[in-house]
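Number of protein chains: 4
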Amino acid sequence: MIIQLNQAISESNKATIVEAIGKLGYKSTEVKTQKGKYLVSIGKKEFDIRSIGHLPGIDDIHRVSDEYKLVSRKWKVNRSQLDLGDGVVIGGNNLSIMAGPCSIETEKQVEQTLTHLTQNDVRIMRGGVFKPRSSPYAFRGLGVSGMKMWYKQARAAGVKIISEVMQVSQIAEMYDYVDIFQVGARNTQNFNLLDELGKVDKPVMIKRGISGTIEELLSSAEYVFSGGNEKLILCERGIRTYEKASRNTMDINAIPILKEKSHLPVIADPSHGIGIREYVEPVALAAIMAGADGIIYETHQNPEEAFSDGQQTLDFQESETLIKKLRMTFDLRNSF
Amino acid sequence: MIIQLNQAISESNKATIVEAIGKLGYKSTEVKTQKGKYLVSIGKKEFDIRSIGHLPGIDDIHRVSDEYKLVSRKWKVNRSQLDLGDGVVIGGNNLSIMAGPCSIETEKQVEQTLTHLTQNDVRIMRGGVFKPRSSPYAFRGLGVSGMKMWYKQARAAGVKIISEVMQVSQIAEMYDYVDIFQVGARNTQNFNLLDELGKVDKPVMIKRGISGTIEELLSSAEYVFSGGNEKLILCERGIRTYEKASRNTMDINAIPILKEKSHLPVIADPSHGIGIREYVEPVALAAIMAGADGIIYETHQNPEEAFSDGQQTLDFQESETLIKKLRMTFDLRNSF
Amino acid sequence: MIIQLNQAISESNKATIVEAIGKLGYKSTEVKTQKGKYLVSIGKKEFDIRSIGHLPGIDDIHRVSDEYKLVSRKWKVNRSQLDLGDGVVIGGNNLSIMAGPCSIETEKQVEQTLTHLTQNDVRIMRGGVFKPRSSPYAFRGLGVSGMKMWYKQARAAGVKIISEVMQVSQIAEMYDYVDIFQVGARNTQNFNLLDELGKVDKPVMIKRGISGTIEELLSSAEYVFSGGNEKLILCERGIRTYEKASRNTMDINAIPILKEKSHLPVIADPSHGIGIREYVEPVALAAIMAGADGIIYETHQNPEEAFSDGQQTLDFQESETLIKKLRMTFDLRNSF
Amino acid sequence: MIIQLNQAISESNKATIVEAIGKLGYKSTEVKTQKGKYLVSIGKKEFDIRSIGHLPGIDDIHRVSDEYKLVSRKWKVNRSQLDLGDGVVIGGNNLSIMAGPCSIETEKQVEQTLTHLTQNDVRIMRGGVFKPRSSPYAFRGLGVSGMKMWYKQARAAGVKIISEVMQVSQIAEMYDYVDIFQVGARNTQNFNLLDELGKVDKPVMIKRGISGTIEELLSSAEYVFSGGNEKLILCERGIRTYEKASRNTMDINAIPILKEKSHLPVIADPSHGIGIREYVEPVALAAIMAGADGIIYETHQNPEEAFSDGQQTLDFQESETLIKKLRMTFDLRNSF
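Chains as they are written, first to last, in the working numbering: chain F, 1 to 336; chain L, 1 to 336; chain U, 1 to 336; chain D, 1 to 336.
Just so you know, these hints were derived from the structure itself, not from any lab.
Note that CB positions come from ideal geometry on N, CA and C, so glycine has one too.
Please note that a few of the clues may not be correct.
Stated by the list, open to error - In silico DSS-like pairs for lysine-lysine, Cα to Cα no more than 25 Å straight-line:
(1) LYS74(D) <-> LYS244(U)
(2) LYS325(U) <-> LYS325(D)
(3) LYS32(D) <-> LYS244(L)
(4) LYS199(U) <-> LYS35(U)
(5) LYS74(F) <-> LYS37(F)
(6) LYS244(F) <-> LYS244(L)
(7) LYS199(U) <-> LYS37(U)
(8) LYS244(F) <-> LYS244(D)
(9) LYS324(F) <-> LYS244(L)
(10) LYS324(L) <-> LYS325(F)
Claimed, not checked - Reference listing, derived: stretches of chain U covered by chain L, where coverage requires no fewer than 3 residues with Cβ under 8 Å from a Cβ of chain L:
(11) 133–144
(12) 165–178
Taking the hints into account, I'd like the entire structure generated from these sequences.
Have a look at this one:
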């Protein structure tokens with residue numbers, strides 16, 4: 001059960017509500033975000049919600065039977081949108097394109113990428129400065145210094161930044177330089193990291209776990225929301241299956257399901273979803289047709305020389321073609 | 001290695017070729033289909049194919065390193081098309097829509113379905129008369145009598161028929177009444193059935209196994225082709241994964257991969273691919289955008305009363321909407 | 001619901017029972033096996049089974065809520081045993097060892113294998129004469145002539161035969177020469193084959209499907225039992241997962257679960273379960289400790305020269321060591 | 001390539017080696033653990049290792065082609081053992097039993113558990129004070145205060161403690177109170193946590209990821225080892241598959257494979273591996289027979305009242321029976 005509290009509710013009125021709910025056997029968690037105040041109340045007993053609906057300070061009450069509550073669409077019919085400023089909005093009638101290299105490598109690389117993006121009117125650049133790598137001996141990213149170098153150029157170009165945060169201590173280090181924190185597929189259930197991101201007033205995009213269920217992804221988002229941050233984006237990036245003809249199996253089903261179950265925007269990552277450069281385009285277009293609010297993909301001036309993930313990275317010409325087709329596909333879908 | 005033989009090759013010239021190849025350590029299988037004569041030669045030694053290319057009766061020679069040979073696109077650059085007659089062609093620039101109930105149930109049901117299809121200019125009707133069921137106590141289909149009843153009406157309406165064949169003895173029983181034999185997901189590796197379908201001059205659509213790999217699907221098609229029947233269609237219908245929010249996981253990646261690896265047309269089955277009625281449309285549209293040559297899906301006058309699979313079956317209004325969107329999506333993709 | 005009928009029940013008494021059950025909304029399937037007569041009655045309405053229990057001809061009535069009925073342990077507390085004659089019994093307090101090559105190849109190979117088996121007091125030999133192969137160009141087995149050659153030697157040696165049947169027409173061809181029909185992992189849901197095996201009075205061992213669920217395996221066994229043949233064995237042989245360090249993932253969990261859910265004997269196949277020769281022994285011993293009634297594995301005089309599956313085949317010395325350890329492990333388990 | 005350095009090597013000799021290796025195109029990482037000094041050198045060029053073997057300060061050089069190096073068995077033939085003091089040794093000829101509740105709950109619960117363990121001569125107690133939970137609203141453990149309460153009693157009883165660490169900041173908080181840090185299945189690829197555990201001089205047990213590969217588990221162990229801590233244990237705890245009859249699929253194959261590929265001890269977790277109380281015993285015994293060095297499982301005075309995981313938790317009587325059978329099974333295996 002989600003109780004939407006009035007922004008101006010007094011402490012005593014709130015206490016009265018918690019007590020009333022408690023008497024019904026419900027345990028309440030208070031949530032305060034950038035946009036609202038909520039009580040998430042969990043219990044088993046059936047009761048008539050009108051019996052508490054009259055209490056002062058309550059704006060609305062909703063039954064939500066899902067395990068996840070605040071990210072469910074059961075209480076919030078209007079889909080959430082995220083306004084990053086400067087006209088960049090995620091969700092609603094906007095197609096979000098996030099493109100860039102797997103790893104931030106050099107000043108020149110960032111410059112070339114930004115030029116490519118601005119020429120194609122792409123407003124969000126992806127890139128990693130902290131890289132999760134299976135092997136401890138692999139390149140692990142440029143770290144904060146890379147972040148600052150990138151930020152300086154991106155701001156000048158009017159381009160927003162999305163980048164992966166791997167641990168709690170990096171949140172503060174990255175805070176001034178990112179527009180969206182990305183939680184990677186290996187950290188989808190790093191609950192401490194999610195807790196801390198709940199305390200931050202910046203958007204967070206959570207990737208589905210390597211073999212995470214749709215429900216687990218939503219529960220991870222619930223961590224951040226219930227921690228106080230409702231600026232959330234979900235990302236489908238392919239799952240691990242027995243099939244080895246592709247790096248992962250893009251779960252196209254997850255897109256309409258997530259859009260139905262949650263009010264949060266959904267982004268698809270075809271680069272990881274299939275992992276093979278020549279097939280990124282059809283999978284990206286399919287994801288839009290299935291209902292995605294946008295695409296995040298890897299592009300590099302010279303994929304063969306990329307520090308990581310070159311085999312799934314588009315060159316700028318392929319990227320430009322993709323962008324055009326994404327927009328036409330999105331327009332068709334919107335016309336339906 | 002595939003050696004395309006001249007249609008008019010003499011037996012003695014053929015024997016000379018087989019012998020020459022044999023001396024190089026290659027074992028040859030002779031294949032004669034509706035369209036051509038081939039030698040599929042398998043061996044390990046590298047040699048200059050020009051050294052045998054001059055032998056009389058050889059039209060062309062192709063190296064094919066894949067496990068599957070005849071269905072590979074490595075030797076056949078032009079994609080295969082299937083002409084079912086009466087202007088119904090699968091593959092090429094045609095969008096194939098195959099729709100109908102899970103099970104053929106009654107004369108009236110067939111009549112209603114045909115009316116719905118013809119009103120929407122859909123030329124191929126699906127339906128099962130032999131139903132593979134996990135439980136021996138479940139409805140197993142109307143059998144041959146249902147087939148005949150269906151055939152009579154479909155012919156009158158100018159609509160083609162695709163239906164599942166489950167065992168060798170049914171091939172002859174069904175032969176006069178089907179336009180396309182469908183091999184179901186539980187029979188993808190029923191090699192005896194595939195062998196027998198190789199001897200038949202009717203198109204065969206092979207569904208991917210419940211947890212079959214892309215390579216296994218292509219190898220199953222190779223059985224039919226090498227048996228003498230190159231009228232083949234591949235069908236992606238979702239795979240079994242750990243995710244239980246959908247019945248299967250539609251492997252959208254498989255579509256561009258199959259189109260790249262094979263010259264055969266590829267059909268997608270969103271009904272089984274996701275298994276939930278309300279999400280069939282987005283998955284169907286995504287499959288077209290990913291490159292599918294067509295869609296097979298379940299529709300019924302009254303899904304709630306369907307004998308089987310009602311939860312993933314569209315009603316006729318939903319079906320009509322889907323058909324329109326499929327065509328617009330296909331047109332957009334073709335415009336790229 | 002399973003109604004055990006008296007062997008001597010009259011037709012009119014049976015009709016009375018079917019009618020009485022029918023009035024309660026239950027649909028009955030009559031099953032007559034080598035051992036008993038049953039009515040499998042399926043319906044939804046709750047009623048007091050004592051209300052029909054008095055009808056003449058009824059020996060016993062059992063509620064069975066599982067999807068599968070006759071193979072469930074809910075109605076048959078005593079586990080089933082299979083007596084193959086000559087002192088060879090599967091199930092109960094017997095450890096069944098079935099060993100032999102993947103494919104029957106030559107007279108000499110059969111002779112060597114039989115010598116190895118009899119020296120180690122192994123009473124059941126495995127071997128394939130019909131081989132399911134992904135590629136149509138691979139060796140497909142010696143067929144019926146191989147079967148006969150094998151049979152002649154095995155009978156002389158007092159060794160029983162288990163061999164895979166791939167299609168309906170092979171049942172009659174093999175009938176005189178096999179002691180156990182094996183249904184392979186690609187045919188677990190070949191329902192027509194299962195139907196026909198239900199009409200046969202020889203034991204049938206059903207392997208779990210390549211990605212079959214435990215419930216599907218039990219439902220496949222239900223096909224054979226309800227067809228009239230209750231001489232059944234279940235076989236766990238590994239499932240398909242994302243892990244590629246082994247050929248399949250031996251589902252050790254399936255062994256105690258199958259033993260709990262069904263009264264049928266359970267055999268484990270470590271050769272396919274892990275697919276790597278050097279690890280067959282630990283997996284085989286683990287399966288016994290988990291509760292298996294026996295093991296089926298591949299052994300060959302010279303695994304490197306085996307026509308198929310050499311990489312997972314033990315040589316005779318390894319096989320002999322394994323047999324000894326299997327017996328000691330089985331004895332320990334029985335002592336608990 | 002792993003170069004074992006002499007403990008007393010001078011800085012200048014080390015520099016000489018790094019330079020010599022560098023000239024061959026190899027990049028070296030210096031590793032200093034509790035037990036040794038190593039250079040892990042990665043490069044592609046083949047060369048004769050004897051050409052550098054004579055350099056002063058080198059004890060030994062080993063080629064290791066695996067992605068993981070220091071945890072590989074290719075360079076360390078003798079398996080690693082961990083001595084926890086007071087006669088508690090993991091690995092070698094020792095059977096390690098780690099038992100206790102999912103969550104540490106109350107003083108009384110800890111007391112009862114310790115009594116049960118000491119009566120059965122079990123020397124290591126498991127228990128969670130930081131609990132990873134899918135839902136933010138679930139019980140998350142008693143935290144450090146629970147840890148201290150537990151520690152006090154366990155020390156008095158002479159029992160060692162293993163407990164899960166979820167994030168970097170908890171390492172210091174827990175350090176004085178644990179004997180083994182456990183990395184949970186959701187943190188197997190939390191690389192920052194692994195990095196920090198490399199700096200600690202306490203044993204670390206790493207659980208396989210929820211759908212982690214065997215190779216990923218070994219690479220995660222490599223993080224800790226290369227960070228400076230070679231006191232490592234691997235744990236197989238079941239993987240996520242399509243099969244839903246059990247909570248996870250215990251990958252019994254992983255046990256012999258890990259023992260073959262790595263010199264580290266391997267523990268099996270049957271509680272999570274199957275997730276159903278009544279089947280924990282057969283799976284535990286199977287894991288021992290497959291080669292595990294020990295078992296970690298959940299037991300509770302009253303499983304029905306456990307705060308978490310009650311459905312897979314043994315009561316003390318079941319636990320006692322299991323312990324006895326584990327020891328007899330281990331003895332049999334050791335006798336082979």
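**OP:** For the pair we were handed, LYS74(F) and LYS37(F), check the Cα-Cα distance against 25 Å.
**Re:** Holds, at about 17 Å.
Original post:
Counting residues of the stretch 133–144 of chain U whose CB is closer than 8 Å to a CB in chain L, do you get three or more?
Top reply: holds (count 5)
Subject >> 25 Å Cα cutoff - pair LYS324(L), LYS325(F) >> reply: holds (20 Å)
Subject >> LYS199(U) paired with LYS37(U) [C-alpha distance capped at 25 Å] >> reply: Holds: LYS199(U) and LYS37(U) sit about 14 Å apart, inside 25 Å.
Original post:
If you draw a straight line from the CA of LYS324(F) to the CA of LYS244(L), is it 25 Å or shorter?
Top reply: violated (35 Å)
Subject >> LYS244(F) paired with LYS244(D) [C-alpha distance capped at 25 Å] >> reply: holds (23 Å)
Subject >> Pair hint LYS32(D) and LYS244(L), alpha-carbon separation not exceeding 25 Å >> reply: violated (46 Å)
Original post:
Count the residues of the stretch 165–178 of chain U with a beta-carbon closer than 8 Å to any beta-carbon of chain L: does the count reach three?
Top reply: holds (count 4)
Original post:
Does LYS244(L) lie within 25 Å of LYS244(F) when you go C-alpha to C-alpha?
Top reply: Holds, at about 21 Å.
Original post:
Does LYS325(D) lie within 25 Å of LYS325(U) when you go C-alpha to C-alpha?
Top reply: Status holds; Cα separation ~17 Å.
Original post:
Holds or violated: are the alpha carbons of LYS74(D) and LYS244(U) at most 25 Å from each other?
Top reply: holds (20 Å)
Original post:
Does LYS35(U) lie within 25 Å of LYS199(U) when you go C-alpha to C-alpha?
Top reply: Given that 25 Å is the threshold and the Cα spacing comes to 13 Å, the pair holds.
When held up to the earlier numbered hints, the structure conflicts with 3 and 9 and fits the remainder.
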